[in-house]
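*Asks:* Sequence:
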Amino acid sequence: MLASRQVERVLRKQFRENEAPSILIEINSTCNYQCPFCPQSSFRRPEQYMTRDSFSRVVRQLEGMRYTGKVVLTGNNEPFMHPLLVDFCRMISDRLPFARCHFTTNGSLITREQVRELCELSHPPAVDINDYTPQHVVIPRIRSLLSSLSKSNRLTVVMRERSRDEYLGNRAGNQSGESNPEDYRNVICTWPFMGLFVSWDLKVFQCCSDYLHEVVVGDLSKQSLMDIWKGQECREIREKMLTSKRRNLVLCRKCDSDWFILPDHCAS
Numbered sequence: 009m010l011a012s013r014q015v016e017r018v019l020r021k022q023f024r025e026n027e028a029p030s031i032l033i034e035i036n037s038t039c040n041y042q043c044p045f046c047p048q049s050s051f052r053r054p055e056q057y058m059t060r061d062s063f064s065r066v067v068r069q070l071e072g073m074r075y076t077g078k079v080v081l082t083g084n085n086e087p088f089m090h091p092l093l094v095d096f097c098r099m100i101s102d103r104l105p106f107a108r109c110h111f112t113t114n115g116s117l118i119t120r121e122q123v124r125e126l127c128e129l130s131h132p133p134a135v136d137i138n139d140y141t142p143q144h145v146v147i148p149r150i151r152s153l154l155s156s157l158s159k160s161n162r163l164t165v166v167m168r169e170r171s172r173d174e175y176l177g178n179r180a181g182n183q184s185g186e187s188n189p190e191d192y193r194n195v196i197c198t199w200p201f202m203g204l205f206v207s208w209d210l211k212v213f214q215c216c217s218d219y220l221h222e223v224v225v226g227d228l229s230k231q232s233l234m235d236i237w238k239g240q241e242c243r244e245i246r247e248k249m250l251t252s253k254r255r256n257l258v259l260c261r262k263c264d265s266d267w268f269i270l271p272d273h274c275a276s
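Residue numbers (the numbering used here): 9 to 276.
If you are wondering where the hints come from, they were derived from the structure by calculation, not from laboratory data.
Heads up, the beta-carbon is just placed ideally off N, CA and C, and yes, glycines get one too.
Worth double-checking, as some hints may not be accurate.
[What the hints assert, rightly or not] Pairwise CB distance ranges, derived in the manner of DEER restraints:
#1 E125 to S187: 34 to 44 angstroms
#2 D102 to T59: 41 to 51 angstroms
#3 C127 to R193: 44 to 54 angstroms
#4 N256 to S158: 52 to 62 angstroms
Could you build the full structure based on these sequences and the hints that come with them?
*Replies:* Okay, structure coming up:
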C-alpha cells in the first residue's frame, strides 16, 4: 500500500495523456510452450497471425506521429512462431527510426539466419530471452549463435534462466492464483498507463492479463491509436485505478497484479 501511494502521486503529477509510452502487439495468438504459470497452459486460443497489411496499418499510424516510444511484439505469445517477425522488425527499423522495438521470447525457435537478419537492421530490436528449459539449454545455443556473428552487431540480447514453477500472478483470473484478489482492490497497477495492447486482428484490449480479450477498448481498423488512448474507455480505467475504484473494473477486481513499473517519462 505504501508503494502504491507513492506510484499514485507520481502518476497524478507527471503522467501525460498525449503520449502512449508503449504499443504492445500480439502478432500471433499462441505459444509453443505451455508453462504452468501462463494461461496458454490451461486454455489454448485458436491459432491466429497478424497480417502484413494489419501490421503496416499500425506502423503507418505510428509513422505519422513520429513515434518515439516502445513497440513491443509480445503479449501472451511466442513471437518467433510468426513467419513475418523479422519482416515486422525491419518495417519498424526502416519506418520508425525514433522508436524502440522490443520483444520477449523463450528462444527455442530462433535460427541463425533470423539472428543474422535482425543484427543487420539499421535499428535492431532489444530481445529478452527467458530460458525455461529444465537444464537451461537455450542460453548456450543462443550465445553460440551470437558469437558466430560480426562483433560489430548491435542486437541487444538479455538472457535469463527462468523456472516453469514461478508464480506470475493470476492474470485477471485467467490462471490459478496463490493470492486473494480482494487484497489488491485498493492497490494501484500501472498497466493502464503503460500503453495500448493490440491483438492480431487490430482490436485493442485492456492489458496483457486480458488473455481472452474480454475488455476491448477500441479497434484500429476503425479508430486511430491516439483516439483510443485518449478515449473514454481508457480514461475511465486510468481514473478508477487512481481513485481506488479498482473493484469497479471488470478485469482488475479479480486480478492480483501490483505492477509498479512507471512509463519512462514518469520514472525519472
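*Asks:* Give a verdict on every hint.
*Replies:* Okay, the hints, checked on the actual structure:
1. Between E125 and S187, the C-beta spacing of about 42 angstroms keeps the proposed range 34 to 44 angstroms intact.
2. In this structure the hint that D102 and T59 lie 41 to 51 angstroms apart at CB is violated, the actual value being about 18 angstroms.
3. A C-beta distance of roughly 46 angstroms is found between C127 and R193, which places it inside the suggested range of 44 to 54 angstroms.
4. At roughly 54 angstroms, the beta carbons of N256 and S158 sit within the given window of 52 to 62 angstroms.
Of the numbered hints listed earlier, the single one contradicted by the structure is hint 2.
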